[in-house]
Amino acid sequence: MKSRTSVMVSIVLAMLVASLDSTIMNTTMPVIAKELGRFDLYAWSFASYMIASTILSPVAGRLSDLFGRKKVFGFGIIAFLIGSMLCGVANTMIQLVLFRAVQGIGAGFMVAFPAIIAGDLFPVEKRGKIQALFTTMWGLSAVLAPLLGAFFVDYLTWRWIFFINLPVCIVSFLTLMPYQESYEPKRAKVDYIGAILFGAGVTSLLLVTVVEQNRVVYTVVGLILLVIFYLHERKHASPIVPLSMFQNKTLSWININAFIGTVALFGTSSYIPLFLQRVAHLSLFMSGVALLGTAVGWMSVSVPAGKWILKHGYRKLLLIGNVLLVGSGTLLLLNESHGFFYVFCVMIVQGLSFGLLSTVGVIGVQQLVGGHERGISTSFFMFCRNMGTAIGVTIMGALLTSGGSFMAGIHHLFLYGFAGSIVALLTSLKIQNEAESKHNRAAS
933 MKSRTSVMVS IVLAMLVASL DSTIMNTTMP VIAKELGRFD LYAWSFASYM
983 IASTILSPVA GRLSDLFGRK KVFGFGIIAF LIGSMLCGVA NTMIQLVLFR
1033 AVQGIGAGFM VAFPAIIAGD LFPVEKRGKI QALFTTMWGL SAVLAPLLGA
1083 FFVDYLTWRW IFFINLPVCI VSFLTLMPYQ ESYEPKRAKV DYIGAILFGA
1133 GVTSLLLVTV VEQNRVVYTV VGLILLVIFY LHERKHASPI VPLSMFQNKT
1183 LSWININAFI GTVALFGTSS YIPLFLQRVA HLSLFMSGVA LLGTAVGWMS
1233 VSVPAGKWIL KHGYRKLLLI GNVLLVGSGT LLLLNESHGF FYVFCVMIVQ
1283 GLSFGLLSTV GVIGVQQLVG GHERGISTSF FMFCRNMGTA IGVTIMGALL
1333 TSGGSFMAGI HHLFLYGFAG SIVALLTSLK IQNEAESKHN RAAS
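With this note's numbering, the residue at position 188 of the sequence shown is 1120, and numbering never jumps.
Calculated directly from the structure, the hints in this document are not laboratory data. These numbers were taken from a predicted model, which means no experiment stands behind them. Worth double-checking, as some hints may not be accurate.
Claimed, not checked - Distance ranges between label pairs, derived from CB positions:
hint: 1; residue 1: GLY969; residue 2: HIS1304; range: 44 to 52 Å
hint: 2; residue 1: LYS1181; residue 2: LYS1058; range: 25 to 33 Å
hint: 3; residue 1: ARG970; residue 2: PRO1236; range: 43 to 51 Å
hint: 4; residue 1: VAL1021; residue 2: PHE1338; range: 16 to 24 Å
hint: 5; residue 1: LEU1361; residue 2: ALA1082; range: 39 to 47 Å
hint: 6; residue 1: ASN1023; residue 2: VAL1355; range: 43 to 51 Å
hint: 7; residue 1: LEU1030; residue 2: PRO1099; range: 35 to 43 Å
hint: 8; residue 1: SER1170; residue 2: ARG1210; range: 46 to 54 Å
In this text, a Cβ means the ideal position worked out from N, Cα and C, and glycines have one as well.
Produce the entire structure from the sequences given, and follow the hints as far as they go.
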């Protein structure tokens, strides 16, 4: 029991710093860029972190299947700590971009493990409560990030947004040490070539979201590399992404639905605060608080989701989640008269949607594979969500600037989101409950 409590403390602390560092830069980066110069690299301070964490998440999940959760998760904590320390002492924007990539490597090795380890430690009916705890960390970071960022800039220095991670990472690492994992890794040769091909292909595709020129070239190169990766994985004895997983159609459609749903509306949090600040004239802090509606909705359904799965199955809950996602598309109706309350209520609906889709999806992809594929199955699901977010935010940004005015851009943005949520609903109709009861009984 002590081992379980200790690892939960480690996971929660790791999630807190990882979630903080994905948002706190939004409020402090203008100050950092002013001091370090090279405004042309402004976007890369976010992109280097995002690219590294996205491509390494599924790789980390697979490595945990081969070598055990504790070792790989511990490596992620140390990498994040080193990256944070280097970011804190950066003297140029180029250094900051490179060191943010190191931080992203650590985050990539950390972010999937809360769900993976929870899948090892807890039966299905209790995992919803654990997922709700993890969601709380993201909600807490949404509030703490602007407050901490403003405090450090005003009273200390922006460098403390990175230095504050060091003691938290140290405690997270120390509380991980007593953990005696029950999972027995299945040793096999690491598919290094597959990992390189996968990383290079996904990196090329993600570069499309940050570069302004040669996007077609990056897209084509990325797709070619992923085709080569697919052909290579078919022949490898221990592939980095076991293609046999996707013979289960339910598993495949859950991943597809996760990708399309996040492409459609998960990027909302990047643009709703902008609307509230520019149109509703709310403060930076209050526009961030409006996003807490998402956390409220998310936690409301995450806690009982595990028990609901045993009673109703995946298909029905995922269908409800997608119907709610279409409902949150009422953001399309935003106008100058709408303010905090309207947005907060819609964010609750969106939180209910993504709370069901995420929690049920994570538990589903864990239960539909064997124990030795649980790491890669969980992390690949999160990879699909991350890719969807990156692509969705980019599309939304382009649509925001496509209108003749800011409000016209907002309407284009959420028309796209509403249409995407309908497509996500249609894909969820393909999800079946096949093999579900067998896996649930085995897990329980």
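Hint check results:
1. GLY969 <-> HIS1304: 44 to 52 Å: holds (49 Å)
2. LYS1181 <-> LYS1058: 25 to 33 Å: holds (28 Å)
3. ARG970 <-> PRO1236: 43 to 51 Å: Given a distance of about 49 Å, which is inside 43 to 51 Å, the answer is holds.
4. VAL1021 <-> PHE1338: 16 to 24 Å: Check failed, 39 Å falls outside 16 to 24 Å.
5. LEU1361 <-> ALA1082: 39 to 47 Å: holds (46 Å)
6. ASN1023 <-> VAL1355: 43 to 51 Å: With Cβ atoms ~46 Å apart, the hint holds.
7. LEU1030 <-> PRO1099: 35 to 43 Å: This hint is violated: roughly 24 Å between Cβ atoms.
8. SER1170 <-> ARG1210: 46 to 54 Å: holds (52 Å)
In this structure, the hints that do not hold are numbers 4 and 7, in rising order.
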